[in-house]
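**Q** Chains as they are written, first to last, in the numbering used here: chain A, 1 to 531; chain B, 1 to 85.
Incorrect hints may appear among the rest.
[As the list claims (entries may be wrong)] Derived lysine-lysine pairs resembling PhoX-like cross-links, with alpha carbons at most 25 angstroms apart: (1) K504(A) - K43(B); (2) K43(B) - K298(A); (3) K516(A) - K180(A).
Everything labelled a hint here was simulated from the structure, so no lab data went into it.
Predicted, not measured: the structure shown is a model, and the values here were computed from it.
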Amino acid sequence: MNYLLWHYLAESCSRFPQRPAIVSRTTVMSYQELDDLSDRLARVLVAGGVTQLSRVAIYHPKSPKSIVAMLGVLKAGGVYVPIDPKAPPARASYILKDCSVTALIATQDTIDSLSDHLGTLESLRLVVVTEGDPAVVPFPAEGHVWSWSDVERAEAGAPTSAGVETDPAYILYTSGSTGKPKGVILSHRNARAFVNWAADTVGVMANDRLSNHAPLHFDLSVFDIYAAIRCGASVVLVPDQLAPFPFELSKWIESERITVWYSVPSALVRLLLAGGMDRFEYQGLRAVLYAGEPFPVKYLRELMTKMKHSVFYNLYGPTETNVCTYYRLPRELPVDWLDVPIGEACSNTKVFAVKDDGELVSEPGQTGELFVRGPTVMLGYWNLPGRTDKALIKNQFRSEYDERVYRTGDIVRLGQDGTYTFVGRRDSMIKSRGYRIELGEIEQVLLSHEGIQAAAVVAVPDPEITNKLMAFVVPNGKAHLTDAEVRAHSLAHLPRYMVPEEFKFLDSLPLTPTGKVDRRSLASSVMEVEG
Amino acid sequence: MSFKERLREFVGVEVLGFGDATRLSEDESLISRGLIDSLALMKIVTFIEVETAVHVPDAEVIPANFESICSIDSMVSRLKGQSRT
Numbered sequence: 001m002n003y004l005l006w007h008y009l010a011e012s013c014s015r016f017p018q019r020p021a022i023v024s025r026t027t028v029m030s031y032q033e034l035d036d037l038s039d040r041l042a043r044v045l046v047a048g049g050v051t052q053l054s055r056v057a058i059y060h061p062k063s064p065k066s067i068v069a070m071l072g073v074l075k076a077g078g079v080y081v082p083i084d085p086k087a088p089p090a091r092a093s094y095i096l097k098d099c100s101v102t103a104l105i106a107t108q109d110t111i112d113s114l115s116d117h118l119g120t121l122e123s124l125r126l127v128v129v130t131e132g133d134p135a136v137v138p139f140p141a142e143g144h145v146w147s148w149s150d151v152e153r154a155e156a157g158a159p160t161s162a163g164v165e166t167d168p169a170y171i172l173y174t175s176g177s178t179g180k181p182k183g184v185i186l187s188h189r190n191a192r193a194f195v196n197w198a199a200d201t202v203g204v205m206a207n208d209r210l211s212n213h214a215p216l217h218f219d220l221s222v223f224d225i226y227a228a229i230r231c232g233a234s235v236v237l238v239p240d241q242l243a244p245f246p247f248e249l250s251k252w253i254e255s256e257r258i259t260v261w262y263s264v265p266s267a268l269v270r271l272l273l274a275g276g277m278d279r280f281e282y283q284g285l286r287a288v289l290y291a292g293e294p295f296p297v298k299y300l301r302e303l304m305t306k307m308k309h310s311v312f313y314n315l316y317g318p319t320e321t322n323v324c325t326y327y328r329l330p331r332e333l334p335v336d337w338l339d340v341p342i343g344e345a346c347s348n349t350k351v352f353a354v355k356d357d358g359e360l361v362s363e364p365g366q367t368g369e370l371f372v373r374g375p376t377v378m379l380g381y382w383n384l385p386g387r388t389d390k391a392l393i394k395n396q397f398r399s400e401y402d403e404r405v406y407r408t409g410d411i412v413r414l415g416q417d418g419t420y421t422f423v424g425r426r427d428s429m430i431k432s433r434g435y436r437i438e439l440g441e442i443e444q445v446l447l448s449h450e451g452i453q454a455a456a457v458v459a460v461p462d463p464e465i466t467n468k469l470m471a472f473v474v475p476n477g478k479a480h481l482t483d484a485e486v487r488a489h490s491l492a493h494l495p496r497y498m499v500p501e502e503f504k505f506l507d508s509l510p511l512t513p514t515g516k517v518d519r520r521s522l523a524s525s526v527m528e529v530e531g
Numbered sequence: 001m002s003f004k005e006r007l008r009e010f011v012g013v014e015v016l017g018f019g020d021a022t023r024l025s026e027d028e029s030l031i032s033r034g035l036i037d038s039l040a041l042m043k044i045v046t047f048i049e050v051e052t053a054v055h056v057p058d059a060e061v062i063p064a065n066f067e068s069i070c071s072i073d074s075m076v077s078r079l080k081g082q083s084r085t
């Protein structure tokens with residue numbers, strides 16, 4: 001029976017053993033190879049102490065080995081935790097400690113970067129070093145260090161794992177408003193419910209070649225990897241070195257014969273504006289999916305003329321629910337459109353919106369907060385029961401059952417055609433380049449600098465990346481603070497996409513009549529300057 | 001300060017957050033070491049265009065031209081030469 005996430009691989013391997021599963025710049029890995037290597041890695045993990053539901057961190061540049069790692073952890077019964085390989089080591093160390101990992105799969109380089117930050121990690125029993133010299137790895141104090149060649153030589157065949165579909169499969173860390181990232185726990189069933197819907201809706205077939213542009217710690221990659229594996233298709237990894245260069249990336253889509261592309265809109269806007277797209281026809285590209293933030297309609301319209309053989313889908317959903325609504329775009333966007341609807345619920349998912357008065361949104365034009373129910377909704381936040389209880393709440397509209405639904409914090413408007421359109425947020429979370437960002441997390445990092453007395457971060461709307469971040473900083477009296485110092489401090493603690501574009505130094509922050517920081521006046525001061 | 005020195009200062013301090021630009025050597029491989037992402041790249045292109053008034057065509061924004069401070073500087077010199085001819 002097929003119910004765990006890695007069962008997709010077992011099934012496709014039996015049907016298409018020699019078809020390419022993972023394609024990178026240097027490697028083509030067949031289904032047989034992927035299945036075999038992930039079996040062996042699972043053996044190593046189990047032998048090293050990974051048991052049912054142990055957390056295993058993958059702190060690794062994107063490569064076929066990272067996909068092997070994800071599947072190997074699942075086969076061992078573990079829960080993988082992908083960590084941004086470009087995250088500041090302090091942040092990566094925090095995540096490793098927060099979810100008390102039993103094992104770490106990493107390169108010598110990423111391990112080296114942790115050495116000044118990690119201290120002791122008592123839970124760690126095993127390190128798998130995929131590249132570099134395992135002999136120089138300084139931890140764990142007690143336990144094993146394995147090299148990749150040890151993995152290749154390990155016993156074949158998957159160990160027996162007795163998981164059930166509601167077990168956690170992976171934990172994705174996202175920005176947290178209290179100043180620390182928080183882990184969203186997704187089960188096998190959560191991911192499969194989404195992947196089954198998505199693969200069927202897009203009609204993924206064994207001859208498809210799906211791009212993987214999103215990093216592995218970002219939930220967009222769940223579609224690329226598992227929809228491909230479910231259908232015996234190939235997932236083609238966008239090389240890290242190429243990803244920032246739109247002129248090369250547009251060529252890559254054509255030369256790699258990508259048939260299904262999925263990314264945040266800002267990556268596609270960059271392709272459009274600087275990718276020299278007129279050089280290519282993109283005849284093979286049959287589907288373009290985007291998610292993570294609204295796509296500016298003027299750019300979307302133009303992109304659709306360049307990728308004219310593609311069907312476009314707008315997918316919507318916070319990490320906590322995978323994707324929960326979607327909208328298949330018409331070939332011609334109506335001329336009066338200012339935004340694209342997030343659409344209607346995916347099959348096997350339900351959404352509803354609740355007005356401020358607690359009643360359901362039922363008439364076109366009404367707005368309310370969006371709630372999600374169904375099998376894609378997360379299990380909870382790692383080790384944050386209070387936060388989980390605030391996000392997963394009892395469904396007041398089905399009170400006879402003890403059902404919990406996810407409260408998105410997103411405000412939506414119901415349209416005439418029954419689809420929803422995103423209007424804004426209930427809190428201070430914002431999106432930039434598709435990433436969700438809690439402004440409070442950035443402020444907490446700024447305040448952790450001893451020379452900073454007060455700080456406020458505001459988001460300024462931007463047509464290409466949704467929002468730009470501006471920080472207002474009040475130095476404490478004695479400190480002589482420089483821009484370079486505050487920027488270096490931020491880059492040492494935050495991922496680059498969370499580091500404000502500019503830091504402005506003030507003597508004090510403006511306050512509202514009720515004594516709160518007046519964010520509106522701060523934001524408008526920036527917008528006035530920029531015109 | 002030459003353009004190359006200003007560029008190194010900008011990339012080291014503003015883009016990579018090193019605090020001190022001397023920690024970035026002119027030959028440091030920005031791309032191979034994964035130091036440059038799309039945000040960083042956009043900042044650098046804007047810096048070049050503002051500082052030198054040379055337009056960097058899309059077709060020049062490729063990994064080979066942004067591999068190091070030296071490669072960026074060579075590209076800018078070449079583009080300056082082309083704009084004069």
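**Q** Taking each numbered hint in turn, which are not upheld by the structure, reported in ascending numerical order?
**A** Violated hints: none at all, because every hint is consistent with the structure.
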